[in-house]
Amino acid sequence: MNCEQSLNTQSYLDGELQGGDASAAEKHLESCADCQAQAAATADLSDALRNVPRYRTPDMLRHRLTKQLDRESRPSSAKSFWIGAASGGGLSALAAGFALFLLLPPSAATLSGSLADAHAAALTGGKTIMVASSNHHTVKPWLAAHAGISPPVSDFAEQGFVLTGGRTDEVAGTRAAVAVYAHGNHEMDLFAWPDRGAPMPQAGMARGFRMAFWKAGDLNYAAVSDVDAAAFQKFVSLAKAQRE
Amino acid sequence: MDDRRRRFEAQALPHLDAAYNLARWLSRSPTDADDIVQDAMLRAFRAFDGFRGGDAKAWLLTIVRNCWLTAGKATRRRGHTPLEDQELVAEGDPEGAAIQQGTRRRLDALVAGLPEEFREVLILREMEDMSYREIAEITGNPIGTVMSRLARARALLRETARDCL
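Protein chains in written order, with numbering that gives the first Met the number 0: chain V, 0 to 243; chain Y, 0 to 164.
Isolated chain Y, as found in the complex:
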């Protein structure tokens, strides 16, 4: 295995699940998420020589988001595709899984209702634990914009979630 492949597997591949999770929440479709992640990983691998250390996760998620934007124009017009539960974890725990499925469905619908620019900052912050600086880097926005969008996203979600969280 060549050196680039080895470094890629050590530095970028550990963030594959983060890439998939982001693609899945952004695209809201398992098929689109597959395509986006496959495209993103290929581009990341080809561009990996240009990656000089730093935060591999933020770097990879930036590429995922770009692939989603490029792929998105057509697919997003199809509108909302309900999320499926086939990859829901905790299969050995029927009761817990049922609760998680219920919560996921409700949250999914609520998060789906958010405009894209709010949805992405919320997912990056709350699910991927990215800092404001990293979110700014990934979304190509100033930190001030990230802060105000995050506040707006939370306020919107709180308003709609009042009854079901």
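In isolation and in its complexed conformation, chain V is listed as follows:
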């Protein structure tokens, strides 16, 4: 790593250079063995670090923080928000309602609405895929690194559902891993998020999308798509049956 351009090469590899600077660095990289070695080694290291799951805030800490913010928000009130909630008194009950929303699992209606919104927003925003790959060995670790959970990811190309990639999304305030499949011109999203004990909604339609929900292990799953009923059922069976 003796090349005097090595810091510049690093900036290029980290996506910090634009325009002419980027092309100059790229050109240098093409002819410099030192920088090529650096690029390869850095990429391996970077992959390894990004594949280590991030630590997640423990629920106890999240709970403590909410209570702490409640105290801060209403410093003059000596009543705890639990008492406020029980008394049903106007503002404090409203505040407690918001606080509880962060702690309690979402309701079934919130869940299906939130999933339909997420699916529709991804479709209309053209942002259905953050990592494009038909290889589950690529999609699975990407989801583990970015969503903090590692649901099984399989390609069902032989059955007509082609894995096209993955993304992270929000489901009722919780980070979800989404594996994205194509069936003809239709897109299927397979959401997974940590189980917080929420009741799973009935399968059905919401805002024009078919939806099915289930739990497996410590994860909640939902399939969302606008394909026809038969294809949707087939996809759900495949998704439910997949193993590590």
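Since the hints were derived computationally from the structure, they do not count as laboratory data.
Pair ranges (Cβ atoms, derived): (1) A21/V <-> L68/Y: 29 to 37 Å; (2) T69/Y <-> A228/V: 56 to 64 Å; (3) R242/V <-> P13/Y: 27 to 35 Å; (4) A111/Y <-> W213/V: 35 to 43 Å; (5) K214/V <-> P114/Y: 39 to 47 Å.
Some residues of chain Y that are not near chain V, with every Cβ distance over 12 Å (derived): (6) G53; (7) T61; (8) E115; (9) E136.
No experiment lies behind these values; they were computed from the predicted model shown.
Backbone N, C-alpha and C fix where the C-beta goes; we use that ideal spot for every residue, glycine too.
Following the hints, put chain Y in place on chain V, whose structure we already have.
Just chain Y, lined up with the frame of chain V:
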């Protein structure tokens, strides 16, 4: 709920996991990470009126790092506390989780061996995806220093990681 609380929950709270992850890697102790994050979130909330838009994540991580520095002098002297795996994700995937645990332990030991000024730039860059400018802002260093520390951190880690990555 007052307006400040609502804005705080919309803008700062989504970065709570990033705050916790950074505190955990910097302090290397679940107990210390809890205390640091709790302290940081309280300070952030109290100072939130002074936050005028911009990058809430970088702003929050700056506070986390400051809290770690303030809290750190005493606790860091205790030396290395092994990380525990209780919050390791992917619980429904025993095989994958075992691999991840093994990798985490090895990487943890290697990253732990880095001097603090190298460790923090590496975590911010590789795990939190922060830009050089943001890392400079969070750590209070010029961008040139961030670049050279990042290069040094990677070189050090590559040397020690050769056998196990």
